[in-house]
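**Student:** Those protein sequences? They're chains L, G and P, same order as listed.
In terms of this note's numbering, the first sequence opens at residue 3 and continues consecutively.
In terms of this note's numbering, the second sequence opens at residue 7 and continues consecutively.
In terms of this note's numbering, the third sequence opens at residue 115 and continues consecutively.
Quick caveat, the hints were computed from the structure, so don't treat them as lab data.
What you are looking at is a predicted structure, and each value in this text was computed from that prediction instead of being measured.
Mixed in with the good hints, there may be bad ones.
Only pairs whose alpha carbons sit at most 30 Å apart, straight line, appear in this in silico DSSO-like list of lysine-lysine [claimed, not checked]:
{"#": "1", "chain 1": "L", "residue 1": "LYS354", "chain 2": "G", "residue 2": "LYS155"}
{"#": "2", "chain 1": "L", "residue 1": "LYS189", "chain 2": "L", "residue 2": "LYS104"}
{"#": "3", "chain 1": "G", "residue 1": "LYS25", "chain 2": "L", "residue 2": "LYS215"}
{"#": "4", "chain 1": "L", "residue 1": "LYS12", "chain 2": "G", "residue 2": "LYS191"}
{"#": "5", "chain 1": "G", "residue 1": "LYS56", "chain 2": "L", "residue 2": "LYS4"}
{"#": "6", "chain 1": "L", "residue 1": "LYS185", "chain 2": "L", "residue 2": "LYS104"}
{"#": "7", "chain 1": "G", "residue 1": "LYS155", "chain 2": "L", "residue 2": "LYS12"}
{"#": "8", "chain 1": "P", "residue 1": "LYS138", "chain 2": "P", "residue 2": "LYS270"}
{"#": "9", "chain 1": "L", "residue 1": "LYS104", "chain 2": "L", "residue 2": "LYS319"}
{"#": "10", "chain 1": "L", "residue 1": "LYS185", "chain 2": "L", "residue 2": "LYS240"}
{"#": "11", "chain 1": "G", "residue 1": "LYS56", "chain 2": "G", "residue 2": "LYS25"}
{"#": "12", "chain 1": "L", "residue 1": "LYS4", "chain 2": "G", "residue 2": "LYS182"}
{"#": "13", "chain 1": "G", "residue 1": "LYS56", "chain 2": "L", "residue 2": "LYS215"}
{"#": "14", "chain 1": "P", "residue 1": "LYS284", "chain 2": "P", "residue 2": "LYS138"}
{"#": "15", "chain 1": "G", "residue 1": "LYS155", "chain 2": "L", "residue 2": "LYS4"}
{"#": "16", "chain 1": "G", "residue 1": "LYS134", "chain 2": "G", "residue 2": "LYS56"}
{"#": "17", "chain 1": "L", "residue 1": "LYS240", "chain 2": "G", "residue 2": "LYS25"}
{"#": "18", "chain 1": "L", "residue 1": "LYS285", "chain 2": "L", "residue 2": "LYS152"}
{"#": "19", "chain 1": "L", "residue 1": "LYS319", "chain 2": "L", "residue 2": "LYS354"}
{"#": "20", "chain 1": "L", "residue 1": "LYS319", "chain 2": "G", "residue 2": "LYS155"}
{"#": "21", "chain 1": "G", "residue 1": "LYS155", "chain 2": "G", "residue 2": "LYS38"}
{"#": "22", "chain 1": "G", "residue 1": "LYS191", "chain 2": "L", "residue 2": "LYS240"}
{"#": "23", "chain 1": "L", "residue 1": "LYS104", "chain 2": "L", "residue 2": "LYS152"}
{"#": "24", "chain 1": "P", "residue 1": "LYS270", "chain 2": "G", "residue 2": "LYS191"}
{"#": "25", "chain 1": "G", "residue 1": "LYS185", "chain 2": "L", "residue 2": "LYS215"}
{"#": "26", "chain 1": "G", "residue 1": "LYS38", "chain 2": "L", "residue 2": "LYS4"}
{"#": "27", "chain 1": "P", "residue 1": "LYS261", "chain 2": "P", "residue 2": "LYS277"}
{"#": "28", "chain 1": "G", "residue 1": "LYS56", "chain 2": "L", "residue 2": "LYS12"}
{"#": "29", "chain 1": "P", "residue 1": "LYS277", "chain 2": "P", "residue 2": "LYS262"}
{"#": "30", "chain 1": "L", "residue 1": "LYS152", "chain 2": "L", "residue 2": "LYS189"}
{"#": "31", "chain 1": "G", "residue 1": "LYS38", "chain 2": "L", "residue 2": "LYS215"}
{"#": "32", "chain 1": "G", "residue 1": "LYS38", "chain 2": "G", "residue 2": "LYS25"}
{"#": "33", "chain 1": "L", "residue 1": "LYS354", "chain 2": "G", "residue 2": "LYS191"}
{"#": "34", "chain 1": "L", "residue 1": "LYS12", "chain 2": "G", "residue 2": "LYS134"}
Derived contacts from chain G toward chain P, CB cut-off under 7 Å, selection only [unchecked claim]:
{"#": "35", "residue": "SER87"}
{"#": "36", "residue": "HIS145"}
{"#": "37", "residue": "PRO152"}
{"#": "38", "residue": "LYS155"}
{"#": "39", "residue": "ALA159"}
{"#": "40", "residue": "ARG161"}
Note that the Cβ used here is the ideal one computed from N, Cα and C, for glycine as well.
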Amino acid sequence: MKVIAPNGDKLNLMPLNVGPSHGATHGCLRYFCALDGESIVATVGEIGYLHRGFEKMAERGTWQQVVPYTDRLNYCSAMMNNIAYCRAVENMFQMELPERTKILRVIINELSRMADHCICVAAAAQDLGSTTGFFYLFDSREMMMVIWEKLTGARLTNSYSRIGGLYRDTYDGFEEDVLAVCKQAEKNLRDVHACFDRNRIFLDRTVGIGAMKPERAIQWGWTGPCLRATGVASDLRKDEPYYDYETYDWNVVTGTAGDVYDRLMVRLAEIEESIKIVRQALKRLTPGPIDIMDPRIRVPSHALAYQDIESLIGRFKSVYEGVRVPAGEYYCGSEAANGELGFTLVSDGSGKPWRVKVRPPCFTQFAAFQELVEGSMLTDSVATLSSINIIAGELDR
Amino acid sequence: MNFFETLFPVLETKFNVEKDASAHWDHSVIAKASVLRDLIIFLRDDESSKMEMLLDVVGIDYLGFQDYEGPRFAVEYVFKSISHPGRRVRVKVFVSEQDLEVPTISDLYPIANWQEREVYDQYGILFKDHPDLRRILNHVEFEGHPLRKDYPAHRRQWLSTNDFLLPALEKRLESKGYKVVQHSKEVLPNEDEYLTGSIQE
Amino acid sequence: MTPEAREGNIFTSSLDFLVNWGRKNSLWPFPYGTACCAIEFMSTETARYDLSRIGSEYVRFTPRQSDVLLVAGTITYKQAPILKRIYEQMAEPRWVIAMGACACSGGFYDCYCTVPGIDHIIPVDVYIGGCPPRPESFFDAMFDLQKKVEDESYMKQRAERLKDQIEDIKRKSKECREDLILRKNEACEMVSNTVRSKVNDVLDVFPFKKGR
Ligand code: SF4
């Protein structure tokens, strides 16, 4: 492609396509760049390769039936999406959850956040050539998987949360398992830091690469760790606290330069903060009910349904007709691992959602991708892409 | 006092907006498409609101909605403030099936570019003066707009070729001040010429 | 017999056995991972499950160097031509594993944009159910595939391939011959009768004469 540059130079650019099936694109996305030698002059991104019709499918089932679909949005931290969705619907009922549910949700949220950050940094490490870091981080993730399996029966797509409660209570020994994971995660974190912190190759490939200014990041709608890496201390758990996040003792982690290094390190530091929250939450965990006692919202338990006819009818109706969410429109955002995961819900008062729109956090991050990589080298685009943690499932829904 | 209670009278006198009756749990205003851009510039820049972040652009199809009369579509903009954490506002514009047009805000918020493309892709709502209104989630050969209520969920559409990005790349180069002298062509190579690649001079 | 053979350093086997033994113990996968199932495949690679036990640790991200196309995740219509292209780029022998409900049948995305099973696009050898399948079931599928590889006959494949080649050669020679007759007739008309007999003599030497 022959072009004339703004300064009058004649260039012969090479168009190069990366993706949709490429080792560095973690799922299915594609960018098409014009290269001058090895540096990227211009690039355009293309998404939609994993557009699975979440929003259309959600309109077909009942409110409760959307929960398994939310699992597959950000499949690295599936339970967090369940909780974000259920919280949005619960807010429309303006219900108050039992104390135990709130604490359990906090624990699960934070464990999922840890798992998600583990995957993101692990994949970035592997793209940068550090397979060791990849294995360290996956180790603690595998331990979490064991807990999830015991808790929910599934490894990855858990569907643990329900509107007005949780799928079931924890098992015996849950607390010890979680504490063991925390301990192991801390150890692995030390190992990972030993791998990266003074590693010349890692530093050369991440410091100052793909930097973003805070004002620009806000204009692009960045949220979550990527925005915090630019130095903006914006975290929904502090700004608009839910589930009593304000009563835990933890800090918002921010970076300074907003480059690849900051984004990865913010994630690693957030794992530490999450461990802090989990430890505090475990101390508060007391036995109690996990579901709200309202048969119009939460399905009555099997034990009750076998005993009295009201519960049986309640069970039948809530499965057959679904939860009747009050009519209206609502946007509710929660702090997911990647940023603000928002649901815009439109209800017409019946048992089925009229419209469910997800606001995926990495959509905005990938939209800004061209600004991040233009002018840098082709190899840096790989590091940049893995640091903004694109999850195709929620990018394309 | 709630920030919205002070903000709303200002908006009402300035832009003639209404409160959205369906927003019971957060704050939403209904605006006319003609004042939309001014309203959003005001929301973004004015000290009293400072909605610096556009979170989402949502399309809604009300075809067959219970007890509903009015334009068929709506576009909803979700804003959030960073300088005043916790402040959020939604702005809703109704779009009738006949004109299907809303002014773009992609020059005010860069992220709106892709979000508006998505609404166009899913609902067919046109954004006036949008720089690059292409499909984003569905493929190039897709016909119709899948999230409209009258599009059957099962109507599948096969894609026969690939979607080409070269025109978009040239557009991007031109927007950065480069002048494309020689245009290449992107083709779908057949069995024999796969080694030559899909870009032809 | 040479002295080495007498000492037991040589064993005899069939060529099929030997080739299949080699093939089945180094199945290099190409992970066409698109969605959640790909994350589960990542777990399969890592230390706890350890894919290298069966000789498949060498995950190649290029279709030209891999044996098994591992389709993990939902395939949408936008991706379908790409998947087909990748399959076509792989060298023979090649096998395909459909991992997860989505790749097998579309899974619970029954919608305007998802392909209801990749077997609409490419042939599949092993299907793995589950959403996502556990790493154990992935191993099970690999073992199934190994069994399948074991049963294949290299010699038969070779005969098959040769059959194609022979067909090809036959077709080409037939074309060639027809062309020759045509040219000969043309030539005959142009030259005089006396020369004609000579031309005939020259052409008769050509091996395809018999079929005339
Ligand atoms: S089968 Fe389930 S886990 Fe696998 S890609 Fe499909 S939805 Fe995701």
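**Student:** If any of the earlier hints don't hold here, list their numbers in rising order.
**Tutor:** 3, 5, 7, 14, 15, 22, 24, 26, 28, 31, 33, 34, 35 and 38
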